[in-house]
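Chains as they are written, first to last, in our numbering: chain A, 1 to 136; chain B, 1 to 222.
Just so you know, these hints were derived from the structure itself, not from any lab. Only a predicted model underlies this, so the values are computations on that prediction, with no experimental measurement involved. Glycine included, each C-beta is placed from N, C-alpha and C at the ideal position. Be aware that one or more of the hints could be misleading.
Said to hold, decoys possible - Residues on chain A that point at chain B, a partial pick, calculated with CB under 8 Å:
1) Arg52
2) Phe54
3) Glu75
4) Ile78
Said to hold, decoys possible - Sample of chain B residues lacking proximity to chain A, with all beta carbon distances greater than 10 Å (derived):
5) Ser47
6) Cys135
7) Glu170
8) Arg217
As a plain string of letters, each chain reads:
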Amino acid sequence: MQTTFTPRITIFYCINSFTETSSVFCEIENQAEITFVKLPCSSMVKDVFVLRAFEADADAVIILVCPEGQCRFVEGNIRAKKRTTWVCGLLDDIGLDGRRLSLFNVKSGDEASLEKILDGTLSVLEELGPSPVRRN
Amino acid sequence: MIVGEQKPIAEIKEMVAPYKKLLVLGCGTCVKTCFAGGEDETAVLASAIRLVSRKEGRTIEVEELTVERQCENEFIQEAAEAVGRNDSVLSLACGAGVQAIARRFVTKPVLPGVNTTFIGVLEKQGLFTEECSGCGNCELALFGAVCPVTRCAKKLLNGPCGGSQAGKCEVNPDTDCAWQMIIERLKILGQLDNLRAYVPPKNWNTSTSGGPRKLVREDHII
Ligand code: SF4
Ligand code: SF4
């Protein structure tokens, strides 16, 4: 999916569910600027890290975590999901639109799902446009 | 501990709107435990204020700092330089902390970022329950250490009211009936006889009804 602007997407990911070398990212490189933030477990996705990504001009933030029940640290991905829901509400209150933030459970190496996630994010951004707090 | 809840961002943004340099000041004790005003919440709120201000085209510099306790001068002192650098302070402490900061830095506007809610207990991670109303004359010994003043919706000192069902309060079925708990606890302690004693109406002079209270410990004052 091609958007009318070059979106900036920050991806927080758990090293147990995903690697940056995925071919899906090579394909998307000319459609979006992607910043990766690698985490030892998705439970490390703190509210403030997500907000700082928006402060640093991200148009959208994606959080990739392992499927439920498969977190190496038992409940990291459940914590990440609850926090994400909370931050989505805060983004709505701020007026940034909570749809700019989303969390997905993906199996390591599931390229097809990854492609769908990125495509879905680009469609949302096409509808929402650049972040209203993006500076350049 | 004192339990509080952060105010909604819509209210906070209006409060801070007149200022250009804001210090968001957290408190690392009670309000940290209830996720309203510790380091993490201070950082989140500071970021949220920067974002909402940028969205609305306002310029504001936001600094963050958390001190151990805002209700003690020793710790308040640690915030002095940061307070000096800013034109206003948004305190995330309870109402006592906000007032202590305002008293110490008389020329600075000090704004409350938290709604102070109750004196309570951390029941389990993320769940806080109200347990004491600070009545100033504790009678827990009579009630098996379950406070009817706070936990009975009708504040009955000679309960139960007769309306509780299956251990739940008739006023709110999500709440355990305080009198059921009192009786169960007295049973365990072998003190059911406490129920025979008539408890006279409470003298509310010792509560806030007698005006603001003060505690003086001469032995600690030099
Ligand atoms: S200022 Fe309030 S919240 Fe902070 S430690 Fe004192 S009583 Fe607790
Ligand atoms: S009797 Fe008074 S001091 Fe004791 S727990 Fe109840 S409200 Fe608090």
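To see whether the hints hold, each was checked on the structure:
1. Arg52: 6 Å, holds
2. Phe54: 6 Å, holds
3. Glu75: 11 Å, violated
4. Ile78: With a closest approach of 13 Å, the A:Ile78 hint is violated.
5. Ser47: At about 4 Å from chain A, B:Ser47 fails to clear the 10 Å cut-off, so the statement is violated.
6. Cys135: Per Cβ check, B:Cys135 is outside 10 Å of chain A; nearest 35 Å; holds.
7. Glu170: 33 Å, holds
8. Arg217: Correct as stated: the minimum Cβ-Cβ distance to chain A is 40 Å, above 10 Å.
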